[in-house]
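Take any residue in the sequence shown, count from 1 to its spot, add 12: that is its number in this note's numbering.
FYI, nobody ran anything at the bench for these hints, they're computed from the structure.
Note that beta-carbon positions come from the ideal geometry of N, C-alpha and C, so glycine has one too.
Treat the hints with care, as some may be off.
[Said to hold, decoys possible] Mimicking DSS-like on lysine-lysine, the simulated pairs with C-alpha atoms at most 30 Å apart in a straight line are:
| no. | residue 1 | residue 2 |
| --- | --- | --- |
| 1 | K30 | K147 |
| 2 | K25 | K63 |
| 3 | K228 | K32 |
| 4 | K25 | K81 |
| 5 | K228 | K30 |
| 6 | K25 | K113 |
| 7 | K200 | K23 |
| 8 | K23 | K63 |
| 9 | K147 | K200 |
| 10 | K228 | K196 |
| 11 | K23 | K196 |
| 12 | K147 | K32 |
| 13 | K63 | K196 |
| 14 | K228 | K88 |
[As the list claims (entries may be wrong)] Derived CB-CB ranges, DEER-like:
| no. | residue 1 | residue 2 | range |
| --- | --- | --- | --- |
| 15 | P110 | H174 | 46 to 56 Å |
| 16 | E171 | I69 | 26 to 36 Å |
| 17 | K147 | A213 | 38 to 48 Å |
| 18 | K63 | L28 | 17 to 27 Å |
| 19 | E160 | D98 | 24 to 34 Å |
| 20 | A202 | E61 | 32 to 42 Å |
| 21 | T195 | R90 | 12 to 22 Å |
| 22 | S170 | P80 | 17 to 27 Å |
| 23 | A94 | I201 | 36 to 46 Å |
| 24 | C209 | R111 | 41 to 51 Å |
| 25 | R212 | E171 | 19 to 29 Å |
| 26 | H174 | R111 | 14 to 24 Å |
| 27 | A202 | A94 | 28 to 38 Å |
| 28 | K147 | R90 | 45 to 55 Å |
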Amino acid sequence: MGKSDTEEVAKDKLRLMKCKFNPLSRCDGSVMYSQGATVVIAAVMGPIEVKTQSLSIECSYLECNYRPKAGLPQVKERIREAAIRDVLELALLSEIYPRSKMSVQIQELEDRGSIDACALNAACLSMLIGGLPLKYSFAAVHCIINEEGEFIVDPELSETVHQQASFTFAFDSVDGNLLLVQTKGSFKIAQFNDIECICRAASADIFAFYRSNIGKYHGRSDDVLSATSKEATMEM
């Protein structure tokens, strides 16, 4: 394998993912999630009492707030917040708790690239830990085309300085349907299709990360599940 092949493989890999469940105590579920040096903390509460102006007899009201690392939210934070809310509304089973509110709060701790995808993944994990009813989980992946025309998945902030185009995709865990597509810059349709396939493949690693860490959180490791399966087979 040549040097160029090795570099290309490396550019298709997600940065190291880590998470810590329930770092906050005054909520129903929270998670501190990181991809590389990008860190986000997300917290959920619900179902809780809703104000009269937001009350619906058919479904629950979803509140979603995104806060930057410092200062007040600006236009870019409001756009990010709206995109996150759109994905959460698609995934949430809001009909289960009418006349109530579900609240998702997201705080940016460090932005070192791919903050939109990182925030979405943190929101998903917090909803899973907090027990909010979901139709499916979801995973977001960010990818760029750099000035050399190379595809870089989950880039560092320094790699995006001279990017030609950027893409953020979110996929559901059941059918792999697209829940979110955000693009910026100039690109060809063929490049868009290739990057969608690359990001879809990368989302499988994120779903595997969800399963592994939530399994550990509930005290069910892969070894325990494997042993349980073998015991059941022997009894049969």
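Hint check:
1. Proximity of K30 to K147 is assessed by CA-CA distance (about 24 Å); at most 30 Å being required, the pair is judged to hold.
2. Of the pairs offered as hints, the one joining K25 and K63 is violated, with about 44 Å between alpha carbons and a cut-off of 30 Å exceeded.
3. For the given pair, K228 sits about 11 Å from K32 by alpha-carbon distance, which is consistent with the 30 Å threshold.
4. With a CA separation close to 26 Å, the supplied pair K25 and K81 stays within the 30 Å bound.
5. The hinted pair formed by K228 and K30 meets the criterion: a straight-line CA distance of about 13 Å does not exceed 30 Å.
6. With a C-alpha separation of about 38 Å, the suggested pair K25 and K113 falls outside the 30 Å cut-off, and the hint is violated.
7. In summary, the hint linking K200 to K23 is supported, as the alpha carbons are separated by about 20 Å, within the 30 Å threshold.
8. Between the alpha carbons of K23 and K63 the distance comes to roughly 47 Å, so the proposed pair goes past 30 Å and is violated.
9. The hinted pair formed by K147 and K200 fails the criterion: a straight-line CA distance of about 33 Å is larger than 30 Å.
10. Among the hinted pairs, K228 with K196 is inconsistent with the structure: their alpha-carbon atoms are about 38 Å apart, more than 30 Å.
11. Between K23 and K196, the direct Cα distance comes to roughly 20 Å. Compliance with the 30 Å bound is thereby established for this hinted pair.
12. For the proposed pair K147 and K32, the alpha carbon gap of about 24 Å is at most 30 Å, so the pair holds.
13. As the CA atoms of K63 and K196 are separated by approximately 37 Å, the hinted pair breaks the 30 Å bound.
14. Annotation: proposed proximity of K228 to K88 is violated, straight-line Cα distance about 35 Å (limit 30 Å).
15. For P110 and H174, the Cβ-Cβ distance of about 50 Å falls inside the hinted range of 46 to 56 Å, so the restraint holds.
16. Roughly 49 Å separates the CB atoms of E171 and I69, a value that falls outside the hinted 26 to 36 Å.
17. One distance hint, 38 to 48 Å for the beta-carbon pair K147 and A213, is violated here, with the actual separation near 23 Å.
18. Here the CB-CB span from K63 to L28 is close to 41 Å, at odds with the stated 17 to 27 Å.
19. Range check, E160 to D98: about 33 Å between beta-carbon atoms, so the 24 to 34 Å window is met.
20. Our hint of 32 to 42 Å for A202 and E61 is violated, since their Cβ atoms are close to 51 Å apart.
21. Taking 12 to 22 Å as the suggested C-beta distance range, the pair T195 and R90 conforms, at roughly 19 Å.
22. The supplied range of 17 to 27 Å is met by S170 and P80, whose beta-carbon atoms lie about 20 Å from each other.
23. Taking 36 to 46 Å as the suggested C-beta distance range, the pair A94 and I201 does not conform, at roughly 26 Å.
24. At roughly 43 Å, the beta-carbon separation of C209 and R111 lies within the given 41 to 51 Å, and the hint holds.
25. Taking the beta carbon of each, R212 and E171 are about 21 Å apart, inside 19 to 29 Å as hinted.
26. Restraint check, H174 to R111: a C-beta distance of roughly 51 Å breaks the suggested window 14 to 24 Å.
27. Range check, A202 to A94: about 29 Å between beta-carbon atoms, so the 28 to 38 Å window is met.
28. Remark: the range hint 45 to 55 Å for K147 to R90 is contradicted by a beta-carbon distance near 26 Å.
Violated hints, in rising order: 2, 6, 8, 9, 10, 13, 14, 16, 17, 18, 20, 23, 26, 28; the structure is consistent with all others.
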